[in-house]
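Participant: For the protein sequence lines, the chains are A and B, in the order given. My numbering applies: residue 1 is where the first sequence begins, and numbers increase by one. My numbering applies: residue 1 is where the second sequence begins, and numbers increase by one.
Source of the hints: derived by calculation from the structure; they are not laboratory data. The model shown is predicted, which means the values in this text are computed figures rather than measured ones. Don't take each hint at face value.
Said to hold, decoys possible - Just a few of them, taken from the derived set where beta-carbon distance is under 8 Å, the chain A residues facing chain B:
1. Val-103
2. Leu-158
3. Gly-181
4. Pro-242
5. Arg-244
6. Ala-249
Ideal Cβ placement from N, Cα and C applies to all residues, glycine included.
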Amino acid sequence: MSIFIDKSTRLLVQGITGRDGSFHAKQMIEYGTKVVAGVTPGKGGQSFESSVPVFNTVAEAVQQTQANTSVIYVPAAVAASAIFEAADAGIALIICITEGIPVLDMTRVLPYVHERGARLIGPNCPGLISPGKSKVGIIPGGICKPGKIGVVSRSGTLTYEIIHQLSTQGFGQSTCVGIGGDPLIGTNFIHCLAAFEADAETTAVVMIGEIGGTDEQLAAGFVHETMKKPVVGFIAGQTAPPGRRMGHAGAIISGASGTAADKMAALQQAGISVMKRPADVVPLLKERL
Amino acid sequence: MNLHEYQARDILRRQGIPVPPGEVATTPAEARAIAQRFGGKVVVKAQVHAGGRGKAGGVKLAKTADEAEAHAKAILGMTIKGLTVHKVLVAPAADIASESYVGIIVDRTSQRPVLMVSPAGGIDIEEVAAKTPDKIHRLAIDPRYGLFPHQALGLGFALYRDVKQARAAADIMQKLYTAVYATGASLAEINPLVTTPDGTVQALDAKISIDDNELERRPDIEAMRDASAEAPAELAAREAGLTFIKLDGYVGCCVNGAGLAMATMDLVKYYGGEPANFLDIGGSSNPQKVVSALRIITSDPNVKSILFNIFGGITRADDVANGIVQATREFPLKVPMVIRLIGTNEQIAVEILKKAGFTALTDMDEAVKQAVAKAKGKAA
Numbered sequence: 001m002s003i004f005i006d007k008s009t010r011l012l013v014q015g016i017t018g019r020d021g022s023f024h025a026k027q028m029i030e031y032g033t034k035v036v037a038g039v040t041p042g043k044g045g046q047s048f049e050s051s052v053p054v055f056n057t058v059a060e061a062v063q064q065t066q067a068n069t070s071v072i073y074v075p076a077a078v079a080a081s082a083i084f085e086a087a088d089a090g091i092a093l094i095i096c097i098t099e100g101i102p103v104l105d106m107t108r109v110l111p112y113v114h115e116r117g118a119r120l121i122g123p124n125c126p127g128l129i130s131p132g133k134s135k136v137g138i139i140p141g142g143i144c145k146p147g148k149i150g151v152v153s154r155s156g157t158l159t160y161e162i163i164h165q166l167s168t169q170g171f172g173q174s175t176c177v178g179i180g181g182d183p184l185i186g187t188n189f190i191h192c193l194a195a196f197e198a199d200a201e202t203t204a205v206v207m208i209g210e211i212g213g214t215d216e217q218l219a220a221g222f223v224h225e226t227m228k229k230p231v232v233g234f235i236a237g238q239t240a241p242p243g244r245r246m247g248h249a250g251a252i253i254s255g256a257s258g259t260a261a262d263k264m265a266a267l268q269q270a271g272i273s274v275m276k277r278p279a280d281v282v283p284l285l286k287e288r289l
Numbered sequence: 001m002n003l004h005e006y007q008a009r010d011i012l013r014r015q016g017i018p019v020p021p022g023e024v025a026t027t028p029a030e031a032r033a034i035a036q037r038f039g040g041k042v043v044v045k046a047q048v049h050a051g052g053r054g055k056a057g058g059v060k061l062a063k064t065a066d067e068a069e070a071h072a073k074a075i076l077g078m079t080i081k082g083l084t085v086h087k088v089l090v091a092p093a094a095d096i097a098s099e100s101y102v103g104i105i106v107d108r109t110s111q112r113p114v115l116m117v118s119p120a121g122g123i124d125i126e127e128v129a130a131k132t133p134d135k136i137h138r139l140a141i142d143p144r145y146g147l148f149p150h151q152a153l154g155l156g157f158a159l160y161r162d163v164k165q166a167r168a169a170a171d172i173m174q175k176l177y178t179a180v181y182a183t184g185a186s187l188a189e190i191n192p193l194v195t196t197p198d199g200t201v202q203a204l205d206a207k208i209s210i211d212d213n214e215l216e217r218r219p220d221i222e223a224m225r226d227a228s229a230e231a232p233a234e235l236a237a238r239e240a241g242l243t244f245i246k247l248d249g250y251v252g253c254c255v256n257g258a259g260l261a262m263a264t265m266d267l268v269k270y271y272g273g274e275p276a277n278f279l280d281i282g283g284s285s286n287p288q289k290v291v292s293a294l295r296i297i298t299s300d301p302n303v304k305s306i307l308f309n310i311f312g313g314i315t316r317a318d319d320v321a322n323g324i325v326q327a328t329r330e331f332p333l334k335v336p337m338v339i340r341l342i343g344t345n346e347q348i349a350v351e352i353l354k355k356a357g358f359t360a361l362t363d364m365d366e367a368v369k370q371a372v373a374k375a376k377g378k379a380a
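Work out the full structure: start from the sequences and follow the hints.
Facilitator: Below you can see the structure in the form of structure tokens.
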């Protein structure tokens with residue numbers, strides 16, 4: 001088992017002929033992901049790597065290939081439009097890797113996706129991987145190992161660091177999800193925690209948060225009230241100054257509740273084991289399992 | 001990107017919101033000429049991207065044009081929260097009967113633009129929220145329908161009993177909401193929204209922040225950027241495609257990815273050091289970016305050691321290694337450097353570094369410990 005993606009994932013790549021899209025499409029195919037279609041307007045009829053058919057529209061691609069998941073690598077200026085198109089075509093799971101979508105665009109995208117019953121992961125995220133089964137996005141497959149730990153994170157490379165710690169010390173992962181560093185995202189910590197709680201294979205969850213907003217506090221409340229599986233948490237940005245945006249559009253301390261100290265306290269109170277540094281992840285998991 | 005008060009006032013004025021007159025001066029003589037033209041009392045206000053201008057002495061009342069010139073002379077060039085004042089706004093001093101607050105922010109939890117109004121205006125809204133939260137009225141706007149007239153009027157009555165004033169405030173709220181989507185603002189505040197003794201409602205002071213992701217498609221807004229209002233190193237970093245924030249410590253950090261960059265800074269602190277900066281070289285790998293990054297880090301005289309922490313994914317470790325080698329050829333480093341590098345093309349990177357006489361570590365904790373020790377002048 002795993003969450004969101006597995007062997008049944010039939011993936012469509014929006015922007016498959018672009019620089020990032022083509023590079024990562026190859027990586028995903030090599031990993032074993034079923035990449036069934038690509039979409040680039042104007043390039044319909046071509047084939048990618050002489051194996052994946054390219055279509056002009058998502059609707060056409062879905063009709064011809066029964067794709068059920070889409071990953072978006074198109075430039076920021078057209079990324080919101082690509083999400084609308086995927087939702088319109090009935091794609092159930094949309095993963096948007098693209099960074100730099102204006103937040104006001106997302107205020108219109110999110111209700112639209114929600115009304116169509118689709119799930120959006122991201123934007124501005126590394127995507128997700130169910131090791132040994134399917135990889136959608138840009139998480140390097142080589143650092144992951146199949147196993148029982150669920151990982152959910154707002155970050156990219158910091159997630160790789162934690163996965164690396166887990167894999168090299170014998171803790172494989174059921175699924176690793178990067179939910180994205182933007183203020184408005186389609187899938188939050190709670191959605192992932194609930195899915196991991198329901199997943200028979202997952203035995204414990206690692207959540208990696210950062211400064212800004214109150215998502216980690218809301219997640220802590222959910223863990224406290226609903227979850228039986230142990231959770232280990234990390235918050236990046238203990239040394240971040242207030243009022244400065246730390247790279248991610250969402251990582252800015254505005255108001256007391258956005259600080260790392262406040263979030264770590266909330267996690268602790270909810271019974272989550274809180275790491276002080278990435279290297280604490282395995283020792284804390286061992287304590288809890 | 002933050003806009004200056006005078007720029008925000010211009011945007012509101014163009015939307016049809018009543019804004020009292022005011023003009024910008026960059027020299028005391030200009031301030032004097034503007035004050036003369038307005039006649040009577042004027043306010044001279046520092047135009048700088050920092051709160052608390054009044055407390056810092058950046059807002060002064062002048063009874064005459066002479067006084068306006070003197071105030072402008074004092075304010076221009078002064079430093080408020082580390083930022084130098086290059087411009088002042090000169091505006092006729094208004095007679096104020098009441099002060100309120102109207103603001104719109106994009107709220108992460110409801111995932112909607114939220115309109116906030118409060119009859120307690122003229123002070124920081126966070127202060128109102130902390131002390132008298134019941135004085136703030138909030139409304140999450142559904143962007144599919146926009147702000148309904150009855151919603152705006154309802155909030156207008158939360159500010160004013162008089163129906164004319166409530167309607168005027170509601171009209172301002174509608175126009176402010178339009179301005180948010182028209183300019184790509186992540187925050188738009190009128191504080192204070194004032195009533196004058198004759199009963200008119202006006203936006204006296206405004207603050208607008210633009211979502212950086214909007215700037216590419218809005219060249220008219222990008223043109224409002226005041227590069228002189230930014231710290232020079234941060235400006236250089238932005239132009240090189242890097243995200244850089246200067247801090248007060250002495251371990252210079254160069255990392256790929258914002259989350260890992262923050263975690264690296266935190267680990268520097270954990271091992272008893274202080275990070276000199278936040279620096280994210282971003283996802284795409286390009287040796288030139290690394291050269292720019294090293295140039296920016298080494299321009300800070302407080303930096304006593306440099307720490308690279310690279311986890312290759314999209315970023316290729318060999319590109320980073322090439323950048324390090326290229327940079328150290330262009331400008332030899334005066335402080336010790338510790339390199340931690342792992343992930344995509346790690347082996348090639350290690351070879352490149354070895355040939356140039358550098359060693360690379362694979363463990364993050366070990367690298368941070370060494371960088372802190374070297375900054376303190378100890379052998380690791």
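Participant: Holds or violated: is there a CB of chain B closer than 8 Å to the CB of A:Gly-181?
Facilitator: 6 Å, holds
Participant: Under the criterion of a CB-CB separation shorter than 8 Å, is A:Leu-158 in contact with chain B as hinted?
Facilitator: With a closest approach of 3 Å, the A:Leu-158 hint holds.
Participant: Does the interface hint hold: is A:Ala-249 within less than 8 Å of chain B, judged Cβ to Cβ?
Facilitator: 7 Å, holds
Participant: A closest beta-carbon separation below 8 Å is what the hint needs, so does A:Pro-242 meet it against chain B?
Facilitator: Constraint on A:Pro-242 not satisfied, violated at 11 Å.
Participant: So, A:Arg-244 near chain B? Judge it on the closest CB pair being under 8 Å.
Facilitator: For A:Arg-244, the interface hint holds, since the closest Cβ of chain B sits about 5 Å away, which is under 8 Å.
Participant: For the restraint on A:Val-103, tell me whether the closest CB of chain B is nearer than 8 Å.
Facilitator: 5 Å, holds
Of the numbered hints given earlier, the model fails hint 4 alone.
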